[in-house]
Every structure is written in structure tokens, then in C-alpha cells.
Amino acid sequence: MGDAIVTLKIDGVEVHVPEGTMILKAAKDNGIIIPTLCNLEGLTPYGGCRLCLVEISGSPKLFAACITPVSSGMEVTTQSEKLKEYRKMAVQLLLAEKSHVCSVCVANDHCELQSLANELGVDHTMFERNFTKEEIDSTHDFLVIDRNRCILCTRCIRVCDEIEGVHTLDLRMRGKDAQIIMDLDNKWVNSCSCTSCRKCAKVCPVGAIYIEGEPVGHTKHKEIAEFITERRQRKCK
Amino acid sequence: MSTDDKRRLALEKSMKEHNYEESALLEILHRAQEIYGYLDKELLMDIAQSLHLPPSHVFGVATFYSYFKLKRPGQHVITGCLGTACYVKGVDEIMRAIEKEYNIKRGESTPDGKLSLLVTRCIGACAMAPAIVVDDEMIAKATKEVVLQKIKEVLGGDKPESR
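Heads up: the sequence lines are chains A and B, in that order.
Just so you know, we're using our numbering here: the first sequence kicks off at 1 and counts up by one.
Just so you know, we're using our numbering here: the second sequence kicks off at 1 and counts up by one.
The hints are simulated quantities; they were obtained by calculation from the structure and are not laboratory data.
Treat the hints with care, since some could be wrong.
Below, simulated DSSO-like cross-link-like pairs (lysine-lysine); rule was C-alpha separation at most 30 Å, straight line [unchecked claim]:
#1 B:71 <-> A:176
#2 B:105 <-> A:187
#3 B:141 <-> B:114
#4 A:88 <-> A:61
#5 B:141 <-> A:176
#6 A:176 <-> B:89
#7 A:133 <-> B:100
#8 B:144 <-> A:187
#9 B:144 <-> A:176
Selected chain A positions facing chain B (in silico; Cβ < 10 Å) [said to hold, decoys possible]:
#10 161
#11 166
#12 171
#13 183
Simulated coverage check for chain B against chain A, where a stretch passes if three residues somewhere in it have a Cβ under 8 Å from a Cβ of chain A [unchecked claim]:
#14 41-49
#15 60-72
Virtual Cβ for every residue (Gly too), placed ideally from N, Cα, C.
Looking at chain B on its own, in the form it has when it is part of the complex (with noise of 0.2 Å):
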């Protein structure tokens, strides 16, 4: 059996427990991207059909969560909090120095998929203002020369390829 359709067949199980109630769909969703890192088009398809949901509904709320991931997420992925907190704290300028550093957009992973920037909306550390999240580990009190030196330790020697 293919891990495909292992995950598929635990994605069925988790499914089938709600006994495919459209109201489960956020659990679903939860669930699906816990077995499978992301959600792509394919696999909302898929659990759309199986709740008997319109497409564009879970498209809809997968889209409307900042948690659901549509894309593929890089080998290190880099979050950076857009809360109020973090925001008036300066957190743009230091995403923005990510930005110009790597050649990403947030929202975006780079080309060969080692590095991702994402941002959310108040990861709740707000007294740690602003707070940049590097590979499930939160850098309090970030400044832009901290976050950068931090990423280019996870990174290891490997610069990603810009596009």
C-alpha cells in the first residue's frame, strides 16, 4: 500500500466517524491537513464530494482560516505575526527585510521549496511583541538582524534559490 493511500484511508476513517456530517467540515479540514501537511485543490475536491458540499463553500472556509495551508510548505517555514501588537511593534519592517532577503512574497515559498514565509493573525505572545515564529520556534522581541541571523542557522549552509 502506497502512503497515499494511507493517508487517504485515514482521512476516510476521520470521516467516517462524523459519519460525513457537512457540519464536520472544519474538523475535516483540521484533520486533512494534519495528514497531509496542506490542502490542494484535489483533496478539498475530494472532501467536498464525500461531504456532499458545494466545492466553492470549502473552498470558502478553507480559504477564510489563516491556519489552512492551499500551498505546499517549504522544508523551513517562517511565520510572522500580523497581530495588533506585533504590527504597531514594527513586524512589517522585519518582514519586509525577509522579503528582500530571500526574494519571497509572504504567502509564497521559494523555488527548490526550502523556505517559506507565512503570516498569521496573532499567535497570542503579544506581550513578546513582535513575534516571528522560525520553524515552531518563536523569536520574542524580534528585531530584523536576530530573525535573519536565525534563519540562515536553520538553513544551514544552503542558500535557496532565489527566482
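Bound conformation, chain A alone (with noise of 0.2 Å):
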């Protein structure tokens, strides 16, 4: 990343970042959020959600702000009613895919995904349920996959690269098949890589990652950012 400051347009507001920031980024920085399931700060981008999505002026393509980096003169809008129906469609399409069923969920009132459907103003969706009835996994000591609630975001995995170093989780199949997997698809108790460090937990938006016993309100993912930041820069010293 070079030293050049680059100023672009978000919202009308004219804002000046290195160069290589991240669309989200820049417009967190000021002040601008835009929503998202799968960025977190500190893990490397992935683009899989598709919330971020914003509209860039001369081009009739959105884009993911998470995975697209500033340039000089773009004019950004990250709210538009186009933009709500997209994200509001995408929010439909996650509740439709597995089991969310948000009282008898862990996460309730403490989901990134339940917040966002609120925000959004979504209630209900239009498409079919799948109701998935995947086997949960409880076999570790107290960490409790449930994978008929995750949304794919992949932060657990990253987490456990990037963060615990250790890649423990990973995905397996793909499309509808997708699931997270620990090792060779084994249980987890039988991992022989898990370090138990709790990070998938924590940094899990819905309730499919949790802690047994434990409530998932505490392990607000803002903290989380900000602790996976401040270790990153402890490293890198």
C-alpha cells in the first residue's frame, strides 16, 4: 500500500484515504457505514455476502465495497432504492437457505443477520424455506456448531487462518452443499488441529458458532474487531 492519499466521493461527502483502501473502509472511516455480514476488520476481504454492494457513478455494474479499492475520482452512493432492494433481496435469500428460526436461536437479539433484516425492513421472505435438518455438532468440550444456521460468511475460517493460525475449519462441497467442515469433515472432537481458541465462536454474526453455556451477547463483534486488529499490529511489530 502506497503513501498516496486518494480523494473520492461517497454520499456527495468528499473524502481523502491511502490508496488501496477499500470502499467500506474508507466510508467507515467517515463515518459512512454500509452494511455488511462477512467483512471484518482485520481478516482479509471476501466478498461473499453481498450486502456491501454500492453503486459507482459511470459504470450501471454494482459493486462489493469490501473487495473494491478506491480510486481517484469515483463517485461512491451506498444508499439508493435500488441498493435497499438488492441488499433486502440478499437478506431474503439467507433466511431462505438454511433454518433460521430466531426464538428458539441462541444468537437472538444479539444477530448481525436478525439486526440487518430489521434495519431493512425485512419480515418475511419470498422465498421457500428450505428448513435445512443438518446433524448439530456438539461434540467438543463446549464449542457447538449448528450448521443449519450459518450463512457461509466464511469468518470463522478466516479467523482460524489468518488469526489462530491454525486452519482448522474450511468449506466443503459447493453451492447448496456448502458446509464448514473441521479437518477431513470429522467431528470436532476428533480434530486434531483445534486449539479450542474460541475465535470461531466470537466472530460468528448468527448463532451457528457458540460457546455452550454461554450467551452470545457478549461477544459483540465489534470487540472482537478491535481485539483482532490491535493483536494484528502487535505482530507485526
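From these two lone chains plus the hints, build me the complex, please.
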């Protein structure tokens, strides 16, 4: 990343950020919040949830703000009717994909998907719900994964690989069969590489990975983001 | 030297050729499937350790591509193309007929290992849709009757054990 400063407009406001910054980060640093589920400061951007879509003038395409670097003279729109429709659609698809029932979820009231749905006014989904019946893996001493609630944001995979450095978690298969796995698709208790660090539970935006017997509320993602950034900076020095 | 050692040596040689590079994973998985016929968990773990890659990553790659088989395929393999053209032309109906006839699900083999039913995405014969491959022989513009007859032929007299 160079030292050059780029000037661009986000929602009509002129901002100055270092070259190579992603739009999402540039907006956040200037007080403009773009919704996202898969992005977490300190982890490599993934661009999977498609909620941070923004419009860039001069292009009919929509861009995922978390993986689009800024460029000079760019004019970015983060809020519009069109974008709201797309975001609503993305949330509805996420809700329909697995089995999201807030009333019985450990993350109820502390769920990023839920609060985003509230914010966007999504109170139902127009797609047929899948109501998946994946087995819950609670073989680990205290970590539990309920794949029915997973939105495949891959935060846990990235935190496991990039911060903890063990890469116990990964994705298997693809499309509708994609799932989070431990090692060679083993039960969690049989994982030879898991260090039981709990980071996966802390970064999970929904209630898919959680610590047994502990409320999800105290693992606010902001705190963990700060924690990760701090750890990373410490490592670099 | 047992066959297993020979196979392991061939795989080792291939890995050595690639200098145990992490980026050669796909190449080595290909080679491993050529040598062993399928990739079981033990083999994947072996490859992961040799290339110094996380096992979950290797498993993720091996399951991402439908080319890689994680279970031992049966003596006779039937592969249904579920690409768009074949799907539109009704390959699903044929697959369901085979599933019903031999009481197996797609992606599985009969318990006695005589017959496997696999699916793939597009074999590149869209003009011949729906396409079903029975033991390396493609049946173009397949129908239920033709396919079931063909399977009966390759199986010879013996009807595979159903569960």
C-alpha cells in the first residue's frame, strides 16, 4: 500500500484515504456505515455476502464495497432505492437458505443477520424456506456448531487461518451443499488441529458457532474486531 | 513390495516432481486419483501432511470438484450429466428410474460394490442431451428404457444386491 492519498466522493461527501483502501473501509473511517455480514476488520475481505453492494457512477454494475479498492475521482453511492432492494433480496435469500428461527436461536437479539433484517424492514422472505436438517455437532467440550444457522460468511474460517493460524475450519462442497468442516469433515472432538481458542464463536455473526452455556450477547463483533486489529498490529511490530 | 507401496512410491515421485509445492495440490490430487482410483480420507491426510497444507483445505478442494471421487467407485460406473441442457431434456427422470430400479441414491454404490451411480456437471455433449455415461460409453439422447437395458447388459447376469 503506497502513501499516496486518493480523493473520492462517497454519498456526495469528499473523503481522502490512502491508495488501496477498500471502499467499505474508506466509508467507515468517514462515518458512513455500509451494511455487511462477511466483512470483519482485521480479516482478509471475502466479498461473499453481497450486502455491501454500492453504485459507482459511470458503471451500470454494482460493486461489493469490501473488495473494491478506491480510485481517484470515484463517485460512490451507498444508499439508494435500487441498493435497498438488492440488500433486502440478499437478506431474504440468506434467511431462506437454511433454517433461521430467531425464537429458538442462541443469538436471538445479538444476531447481525437479524438486526440487518430489522434495519432493512425484512419481516418475511418471498422465497420458499429450505428448513435444512443438518446434525448439530456438539462433540467439542464447549464449542457447538449448528450448520442450519450458518450463512457461510467464512469469518470463522478466516479467523482460524489468519489469526489463530491453524486452519481447522474450511468449506466443503459447493453451492447448496457447501458446509463448514473441521479437518477432514470430522466431528469437532476428533479434530487434530483445533486449539479450542473460541475465536470462531466470537466472530460468528449469527448463532451457528457458539460456546455452550454462554450467552452470545457478550461477544459483540466490534470488540472482537478491535481485539483482532490490535493483535495483528502487535504481531507486525 | 506390495501394490500399496508401489502406488505410494508413484505418488511420492509425483509430489517430489512438484517440489512439494502447496500450489501443486490440484495436480497431485489428479495424480493420486489416477493411481488409487479414488481419494479416501487417509490418502487426503497423507497428501496434506506431505504438502504442509491444512487437511481441511485439502478436503475442501477435493470436494469442490465433482471429478474427484471420495468413495471407492463400483465395478460398473454410471454417470448422469446434470448440466443445464441435459437437465432440461429430462435427465432427472432417467436418474430417478435408475435409483428406483437398483435402490441406490446418486453419489452412492450398491453394497456389493457392483454398481455406482454418479453425477457430473456437463460432459460437453449438450447437443446429445440427455447424456448418460455407462462404463466410459456415452449414451446420447438417452431414454429410460435404453439406459436401463444398457445397464442390464454391462452387469451381465448378476443383479446387484440391494439394501
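Item to check | Residue hint residue 171 of chain A, partner chain B, criterion CB-CB below 10 Å | outcome: With a minimum Cβ separation of about 5 Å from chain B (threshold 10 Å), the hint on residue 171 of chain A holds.
Checklist entry - Holds or violated: are the alpha carbons of residue 141 of chain B and residue 114 of chain B at most 30 Å from each other? => result Distance ~25 Å between residue 141 of chain B and residue 114 of chain B Cα, so the pair holds.
Checklist entry - Regarding the pair residue 88 of chain A and residue 61 of chain A, is the alpha-carbon distance no greater than 30 Å? => result holds, 18 Å
Checklist entry - For the hint on residue 166 of chain A, does the least C-beta distance to chain B fall short of 10 Å? => result Since the shortest Cβ distance to chain B is 7 Å, the answer is holds.
Next on the checklist: Can you confirm whether the C-alpha distance between residue 71 of chain B and residue 176 of chain A stays at or below 30 Å?
Outcome noted: The hint holds at about 21 Å.
Checklist entry - Does the structure keep residue 144 of chain B and residue 176 of chain A at a Cα separation of 30 Å or less? => result Holds: residue 144 of chain B and residue 176 of chain A sit about 28 Å apart, inside 30 Å.
Checklist entry - Residue count check for the segment 60-72 of chain B against chain A: does it reach three with CB-CB under 8 Å? => result Satisfied; 3 residues make the cut.
Checklist entry - Do three or more residues of the segment 41-49 of chain B come closer than 8 Å to chain A, measuring C-beta to C-beta? => result holds (count 3)
Checklist entry - Would the hint on residue 183 of chain A stand, with a C-beta cut-off of 10 Å toward chain B? => result holds, 5 Å
Checklist entry - Keeping to a limit of 30 Å between CA atoms, is the pair of residue 133 of chain A and residue 100 of chain B held or broken? => result holds, 24 Å
Checklist entry - Going straight from one Cα to the other, do residue 176 of chain A and residue 89 of chain B come out at no more than 30 Å? => result Measuring from Cα to Cα gives roughly 22 Å; hence the hint holds.
Checklist entry - Is the Cα-Cα distance between residue 144 of chain B and residue 187 of chain A 30 Å or less? => result violated, 40 Å
Figure legend: structure checked against the earlier numbered hints; the only hint not met is number 8.
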